[in-house]
Structure formats: structure tokens, C-alpha cells
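Colleague: Protein chains in written order, with my numbering: chain A, 1 to 425; chain B, 1 to 312; chain C, 1 to 314.
Treat the hints with care, since some could be wrong.
To be verified - With a cut-off of at most 25 Å between alpha-carbon atoms, the simulated DMTMM-like pairs for lysine to aspartate or glutamate come out as follows:
#1 B:Lys-24 with C:Glu-41
#2 B:Lys-120 with C:Asp-213
#3 B:Lys-305 with C:Glu-205
#4 A:Lys-300 with A:Glu-422
#5 A:Lys-386 with A:Asp-375
#6 A:Lys-420 with B:Asp-84
#7 A:Lys-278 with C:Asp-275
#8 A:Lys-278 with A:Asp-296
#9 B:Lys-24 with C:Asp-213
#10 B:Lys-70 with A:Glu-422
#11 B:Lys-75 with A:Glu-422
#12 A:Lys-39 with A:Glu-327
#13 C:Lys-43 with B:Asp-215
#14 B:Lys-118 with C:Glu-41
#15 A:Lys-386 with B:Asp-84
#16 C:Lys-230 with B:Glu-210
Stated by the list, open to error - The following label-pair restraints were derived from C-beta to C-beta distances:
#17 C:Tyr-97 with A:Gly-281: 18 to 24 Å
#18 A:Trp-199 with C:Ala-60: 33 to 39 Å
#19 A:Thr-409 with C:Arg-259: 27 to 33 Å
#20 A:Ser-118 with C:Leu-146: 54 to 60 Å
#21 A:Asp-280 with C:Val-59: 36 to 42 Å
#22 B:Val-94 with C:Tyr-97: 42 to 48 Å
#23 A:Thr-185 with C:Val-59: 35 to 41 Å
#24 C:Asp-213 with B:Asn-22: 20 to 26 Å
Treat the hints as calculated values from the structure; they're not laboratory data.
Since the structure is predicted, the reported quantities are computational estimates derived from the model, not experimental observations.
All C-beta atoms in this analysis are idealised placements derived from N, C-alpha and C, irrespective of residue type, glycine included.
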Amino acid sequence: MKRTTLAAIALAVTAGLGLTGCAGAAGPAETGNQNGKTKLTVSVWNYEGTPEFKALFDGYEAANPNVDIEPVDILADDYPQKVTTMLAGGDTTDVLTMKNVIDYARYANNGQLQEINSVVDSVGKDNLASLDAFDMNGKYFAAPYRQDFWLLYYNKDLFKAAGIDDPKDLTWEKYSEIAKKLTSTADGKKVYGTYHHIWRSVVQAIAAAQNGGDQISGEYGFFEDQYNTALDLQKSGATLDFGTAKSQKTSYRTMFETGQAAMMPMGTWYIAGILQAKKDGKTNVNWGLAPLPQKDSSGKVSTFGSPTAFAVNKNAAHSEEAKKFIEWAAGEEGAKTISKIGVVPALQNDAVTAEYFKLDGLPTDALSKKAFTPDETALEMPVSDKSAATDKILNQEHDLVMVGERSVTDGIAEMGKRVKDEVLK
Amino acid sequence: MTTQTITQAPVPERTAPHSRGNRKQARRNALIGWTFILPNFLGFLAFTLIPVLAAFALSFMEWTSFSAPKWVGLKNFERMIASDSFWVALRNTVVYALGHVPLTMALALVLAMLLNRKLKGIGFFRVAIFFPYITSLVAVAVVWNMLFSPDSGPVNQFLHGIGIAEAPGWTSSSDWALPAVIITSVWRDMGYYMVLYLAGLQAIPTELYEAAEVDGASAWQRFWNVTLPSLRPTTFFVVVMLTVSSFKVFDLIVVMTNGGPGRSTTVLSQLIYQEGIGEGKFGYSSAISLVLFLIVLTVTVLQFKIQQRRER
Amino acid sequence: MTNMAEDLKAEARSVGTNLEAAPEGRRLPNRPSRSNRSTREQKARTTNVLIYGVLVVLVAALMVPFIWMLSSSLKENNQVLTVPIQWIPTEFVWSNYTDIWSRIPMLGYLQNSLYLSVIITVLQVLTGSLAAYGFSKVRFPGRDVLFLGYIGTIAVPWQAYMVPQYIMMQQLGLTNSFNALILLQAFGAFGVFLMRQYYMTIPDELCEAARIDGLSEYGIWARIILPLSKPALASLALLTFVNTWNDYMGPFIYLTSNRLWTVQLGLRSFVGQFDAEYAMIMTGSVISVVPILIIFLLGQRYFIQGIATSGMKG
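Chain A on its own, in the form it takes in the complex (with noise of 0.2 Å):
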């Protein structure tokens, strides 16, 4: 029967070329063991879209030839999943870098990592930010190499067309008063005096750094002023509403690369992004760095961040490498390697900052320089085994708040209700 010998073919065919796949592979192959080298794994995410990755392990094997990198390519948006399956298996991959502080709290706690008190002492305990995050009673199983922070990102030039000045020691009541002076509809395209992404930081971490607030504490009146600058910015459509923004998944990056968002807080991982953007030619807006808006005019900066680290498996290869690609890559050569490519540093001296400023395309201002050295950075959420579990009940209450449906009292009386029953119980 004719179909028959179709689907019969058909089924042959792609039989075949699937049987070649196998053997044609894609990617690199595995590198063996070769010329006697060790190999050193590391677990990382998204490699290819994540720079800083090989410029740390080509640098590193520049300097230590006797070594061979080979990264161990996780995807972004499930890595601590992979991680903890791999984990649970006993995979031996010696270091681990860890994504965020919650996940290290997890790892560091259940034993999963090697002490690295070390490494941490060698680099220096008074130059890495961040580091606090790290230490468990004293014991440090991480140590940070990136150092992420937030500032204000403007568009210059919607700045200079509504003749306002450029966005110098802002408290947030001038922010909300330039951001809805910065609000226009030109040619049918409405242009957003700023734009807050979704994430529940934009307000709950900014409110927990500039009031000295705890998020895991249970207690969340220090909220209060931050939601209500949020939620009258959305009210009165000089920001983008959250529902609208949540349910479009909108791209911050859109948001501001197309000029429709004049302001925009985020965090300094973006400034690696919008270098790229501009060099590749698709967006060619006029940026500048401002420090975030504060609560009142001292002059002050505080900020939040979150760090990012490498760590020892417990069941390593080799142990003693992982250490030592550890303490370079925390220390200033891997500083300035990641510094070349637009990534901050965990390691902050002045030898560092100058190199990341000779960076092609940064704005080099007094104020983006401002910008760039805040007084206090604060953690993003505090560590703890109750992080992760308040982490979720926050950012369910968060989207209740924003979307309208609970008073910001209400909200916040129902965050700390919860976080008391379900978590610190």
C-alpha cells in the first residue's frame, strides 16, 4: 500500500538522520585528558550568553597553563534545580558557582560544600563586598567575585528635550516628580517617565536598604513609603501598570533601549548588556548612571546587591585547584578580567574601578562615577534557611499590592501574618 511505504520510507529517512546525529554531535566534543593537564570543572549557566564565564577561564589558563577549564554549561533559568539533582547524585564537578545567596545558604548549610576560610583570607576579607553574606558562623564556603548593585539608569537626551536637569542626588519625591514631568504621548507612542520591573526588589529591597529594614524578620512596616511612591507612579501612568507589565512578561531592556522608559532602576549587570546593544548597533539611546533615589537629600547612597560566588564541592576532583582558581578569580587579576568586559567585581579597590571606567562606551561623567561608589550596599535578602520559604510569600503578597487588590497596609499586615505562621513558627 502506497502510504504505507510513504510513512515506512518517511520513518527510514529520519531514522537515518537521527542515527547520524548521534554520531555527527553537536558542539565541541569533550576534551579529553590530554597532555597531562588537570581539568578542572565548573558548573556555570548559560555560557555562551554569559561572558564572563570564559574570560575568567581564559584567563586563568593563561596563567596557569598546567590547567584545563572545562565549564559545565547549565541553563539559566533552572540552574539550582540541575545543581541540586547533580548534587544529589554525587556528581563530582569541583566548583560550583553559585547563582544567588539563598541557594548557598542551602548548599552551605546541608553540608554540601568545602570550608574555604583560606582562600578568603588570602584575597582579603576587608575588599570583598558582599562577603558577609558568605560567612556561617565564621566559616566561609563561598567566596564572591561579582558583585552586582543598583542604580538609576536615564535617557539623556528625554532629559534635555523636557529641559530637566540630569537626575543629581534625587530624594524618591522628586523622582515621582520628574518621573510624571518626564511622562508624554509623542506621535500615538507613549513615552514612561521611569519604568519598575516586576520583581518584588524594586520596592521591598530598596525599602529594606535605605530604612535599615530586615526582610526576614516578619515585620514589614518599613515597606510602607516605598509602595506608596511605586503605586502613585503607577496610578498616575508615568510608570508602566505591574499587571500589565507581569502578564506581557515586558523586557526592561525593551522598556529602555526603545526610549519609552526616560528613567529606570536596575542593576548593574544591565550595564554589560546596553554596551553590547549600542556596539551592535540596535538601540542608540543616550544613557547615563545616576545613584538610586534616596529617602531624604544628605547626600548619602544606599543601595542593595547581590553577589555571586564560587564555591568547593564537597565531592571535588581536585580540591586544591578548585581553591586556587578560587582565589584568583576572587582576587584583583580575575577583578580586572571581568572589569574588562563590564561585569562588577566583588573585589573593590581603586586599581579595579579605574579599569572598569576605561571601559569603551561607559559614560565617564561625575555622576555615572557617583554612581558607581555607593556609601552602603546592603544585601538584597538576608541569609538564612527561612530565606527561600519568605522569599515566596513576599513575592505572592507583592503582585496583591501592586495589581490593586490589598491596601498597602492590608498587604503589608498580611506579609508579616504569613511570614509569622509559615515561616518563623
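Starting from the structure of chain A, add chains B and C where the hints point.
Modeller: Coordinates of chains B and C only, in the frame set by chain A:
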């Protein structure tokens, strides 16, 4: 009624072991049965059943996945019963299933009947109806959220048009997010189940329809007295698979609302994921999945019994 | 091979003849009788027009998100998720479709996906249809309980037993290989269940008659039941193929080396920690739909053969 009599009369299965003194025959049957089942069963046992049983055992333990599990008895279940989040997720899951199962089933059947004919370009239409299932979830979420947009979305504009002043807020509202998700998921899944119904329709002997027509049965009577009864095994499959997939729903919700606003669309499998992978409480997450398993099993056994009685 | 299938079908028919006269070939419902053909035909034509109308509207409604996907695949990354939604790209970026092959090893990923999908589908169809025969046409003690157990496990979310399963596979040394996935997914309960339900609709008299003719149970399965269940086999193959092709979590957990990755993993590699290249993702998604379409168009032919299970009547 004549049309009644022509419904496929089920015939008792042969080789019944009841025939007295035929122990040998029964043993032979068991042997034959098992040889058929074995190739699949071995793989199933080794790679699915054993891990599943291990997970069930874990529900009585505390396990972070990094160290040896510790026996804690019923503690996980006690915690679960006391947890507000569990009940919210259970409620959402049940509501989702109650909406998703009947709607998808009905629409899939209608579509299958519509497409079970010789028409020019029928292949194209069948593929088109399968399209939602193979469209990227992100695209599905973005477009449906746009359609559901409270102020400017086409859905609400239509509702305004037909005179409904207070149109719902859909995915930005706690009350309406779940219905919005259900509608989207029905839209997405109906093509998938249509394929199953299409296969099932091929098994109905055409003689049944002819006989019914001779008897002067109307189209509706033919559907009711021939099509539906003949599709019973397919329907059982579809109902069970739909129930299972409703109770396990995960991807669509994560992409479309991520459980929000608040907890209004959080479902059990999300809870299982968050507690297990997210927080390293694998014992607790196993306990939740054991409950989920028992619920679905109950529904399935009930369906199975009903189906068997009908066949008798 | 084809001739054999034809023979088997003929055989199935002749078995049917034992019980009652076989119908002359396939029939369609509502076959017009000669006497009032013209009015019937006219009526059929209006129905057809009506059906076409309904179908066209339906298809339009179903394709909207796919059209968005297509349109997004022709945009720059930062033009995809705009507010309000933009249906027609301001500038058509056709180069996405050429760039993607060099940005990621797309061809290799496609081959990997194809390899996995084909092998898993073949195994699933084969073992599933075998086991289904045992569950539907052979009666032995404990059969139904075992069957319910089978179905029950489908209900357990994979997130729940993923880690124990991974540990087991790791100890067997099977992780980071195609074999792991094949073993995990080829023996699912889905195929068994689907095929069993279809076999239930095949009258037992057919098997009975074949037994009298001296066929063994294996012979009945191969020569009577299988040829009769083409529509079910087609739908099982199709759905298994699609599910394997679109599976993300399984390959994500079990395939670590980049050279083993499937299309779905490749596409997700455009998602970064803080943002994603949506235009590229949509481009890849459009490409990855093509093989499914081909399989579907091939498979759906089996849904119109009208293989009546001949000669059965109450």
C-alpha cells in the same frame, strides 16, 4: 428502541479462567499475558515504579537530598494539613481540573467529529487544530494575556460590546485568573485530545450508523446511541489522562501567571517543586505528591468501575 | 513489508467473514443511496460549505499566538515584548533565520532531538501495543490491579521522584547519555493505556475466530489486532513524538554535555540570568515546529481510512 439494540454489544472476554477444573488453562493465560506485558513492564518497573515508590517512602522522612534521609513518621503530613498554602493549592488544582476536564473533553470530541470526514484540505485543518499544542508557551502566554487585558483586551471589549459593564480583570485579578488559565489551557489542549478521539472514531463500524439510519434515527440519536457508547473506551482514556494532566498542570501556569496574583493560581505541582527543589524539603514535597497520587487514583478507579459496569 | 501489511488486513477481513458476510470494502457514514442522490448531494454540499466556514474561523482563532511567534521571529530582540503588542515588525530581520544556525549548533540539536524522538516513539509504540494486548485480550488474575497501578503512576508528578530517579541512574552510570532518556521515556504507561483502550473496541469475536483458526495469541496480536489498530498506533506515535520532541525537563536533567543537547535545551540557552533573546527563541521555536508538522501530516492520513472492524453487529 431499535437503535439501542445496535450499540456494540460487549461480548464477555474469552479464555475466562472460570471454566471449572481448568487451572492449567488459567496458568497458561497468565503466562501468555505476562509475556505480552513484560517488555514494557520491566522498563517501567526499573525506571519509573521503583523511583516512584522511593519517593513515596520519602514522604515519611526528612531529606535534603544531600545527606541520608531521616525517618519522621507522619510529620510531613501533619505539616501539610496545617499548611494554608497546601489547601489553597489543592483547591486551585481541583477547580482547575473541574473546569479543564469537561470542557476540553467536550470540545475535543466536537472537533474530532467535525474533522472526521473526507474533505479537501482536511489534513491542513487537523494540523491547524493541533497548532496550539505545539506553539511556544511564551507566545501562548503573551498573546492570551494580551487578549485578556482588562482595559484594552479584545475579550473585554467584546464583553462590553454585548452589554456587560463590569468585565472581569482576568489575569490581573485573583478571582478571574484561574478561569483565564482554564480557558487558555482548554484552547491549548483540545487539539491534543482531538487526535485521540479521531483515532477512537475510526473504530466504530460503519454498519452501526447504517443500521441506525435505516431505523430512521436522527443525527442526534445516532450520536447519542451509536457514537458515544462506542467511544466509551476512548472516553475513559481521555478522562483519565485529562484528570492526570490537570492535577499535574505546571508549565502553562508557571509561564502564564506564575501562580499569581498572590496565590490565586498556585497549584499542587508548583508547591511540590518549590518545596522540593526550591527549599530542599524533599520529604515534604513527596508527601504532597503522595496525596496527589491518591486523589487521582481514586478518580481513576471510580471511572474504571463505572466503565466496567457499563460494559457488562 | 507493505505487502505483508496488506495480507494481514485481508486476513483480518477473512476472519470477519467467518462470522458474517464481510462488507464490500470501506464505507463512509451517510453514504448516499442511489435513489435520492441529487438532493442528498446538494445537502452534503451545503453542509460542506458550512463546515468549511466554521473551520476557517476556528483555525484563525487557533493560529493567533503562532502568528505572533512568527512575527516575533522576524524582529530584533528588544522589539519583541513591547507594550502595546506589535503585530508587524517595523523592520523585518530575516537574518535571524540564518544567524541561529551559527549562534547555536542548531543542526546538531535538531539531529539529537530527532534521534531521541524516533527511538523513543518506536519503542513506546512497540512495547505499549504488546502490553496492551496482555491487558485487554488475555484474562489472568491480578491483571486489572496491575493495570490501575500502571495508570496511577502517571499521576505522580515527575518533580516528586526526579531526584531519586536521578540518583539511581547515576549509580547505573547512565546519566549524561541518550540511553538514560530512552530508558526512562520509552516504557511509560501512556502507550499501554492508550492502546489497551483502543483494543477494547475491537470485538473479541475476532480473536476468538482466529483462535479457532489455530492462530497463537502472538499471531492474533501481530496479524489481526495490529493491522486493525492503525489509527491508534498513528495517534500514539504522533503524540509520543511530539511530547518527546517538546520535552525540556527530561533532557535538561539527564543531558549535561552540550553536544547531547536537544532543540528545546538549545532554545533555552538564549535565556540569560536577567534577560532573554526572545527573537532568537521564537525563531528557533518556529524551526522546531516544522518536523512536527511533517510527522503530523503523515500520521493524520490514518485517521480517515474507515477501517471498520468488519462485520460486527449486536
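Colleague: Now tell me, hint by hint, if it's right for this structure.
Modeller: Hint check:
no. : hint                                 : result
1   : B:Lys-24 with C:Glu-41               : violated, 59 Å
2   : B:Lys-120 with C:Asp-213             : violated, 42 Å
3   : B:Lys-305 with C:Glu-205             : holds, 24 Å
4   : A:Lys-300 with A:Glu-422             : violated, 37 Å
5   : A:Lys-386 with A:Asp-375             : violated, 28 Å
6   : A:Lys-420 with B:Asp-84              : holds, 13 Å
7   : A:Lys-278 with C:Asp-275             : holds, 16 Å
8   : A:Lys-278 with A:Asp-296             : violated, 34 Å
9   : B:Lys-24 with C:Asp-213              : holds, 22 Å
10  : B:Lys-70 with A:Glu-422              : holds, 22 Å
11  : B:Lys-75 with A:Glu-422              : holds, 15 Å
12  : A:Lys-39 with A:Glu-327              : holds, 17 Å
13  : C:Lys-43 with B:Asp-215              : holds, 20 Å
14  : B:Lys-118 with C:Glu-41              : holds, 14 Å
15  : A:Lys-386 with B:Asp-84              : holds, 17 Å
16  : C:Lys-230 with B:Glu-210             : holds, 23 Å
17  : C:Tyr-97 with A:Gly-281: 18 to 24 Å  : holds, 19 Å
18  : A:Trp-199 with C:Ala-60: 33 to 39 Å  : holds, 37 Å
19  : A:Thr-409 with C:Arg-259: 27 to 33 Å : violated, 56 Å
20  : A:Ser-118 with C:Leu-146: 54 to 60 Å : holds, 58 Å
21  : A:Asp-280 with C:Val-59: 36 to 42 Å  : holds, 38 Å
22  : B:Val-94 with C:Tyr-97: 42 to 48 Å   : holds, 44 Å
23  : A:Thr-185 with C:Val-59: 35 to 41 Å  : holds, 37 Å
24  : C:Asp-213 with B:Asn-22: 20 to 26 Å  : holds, 21 Å
Hint compliance for this structure: hints 1, 2, 4, 5, 8, 19 are not met, and every other hint is.
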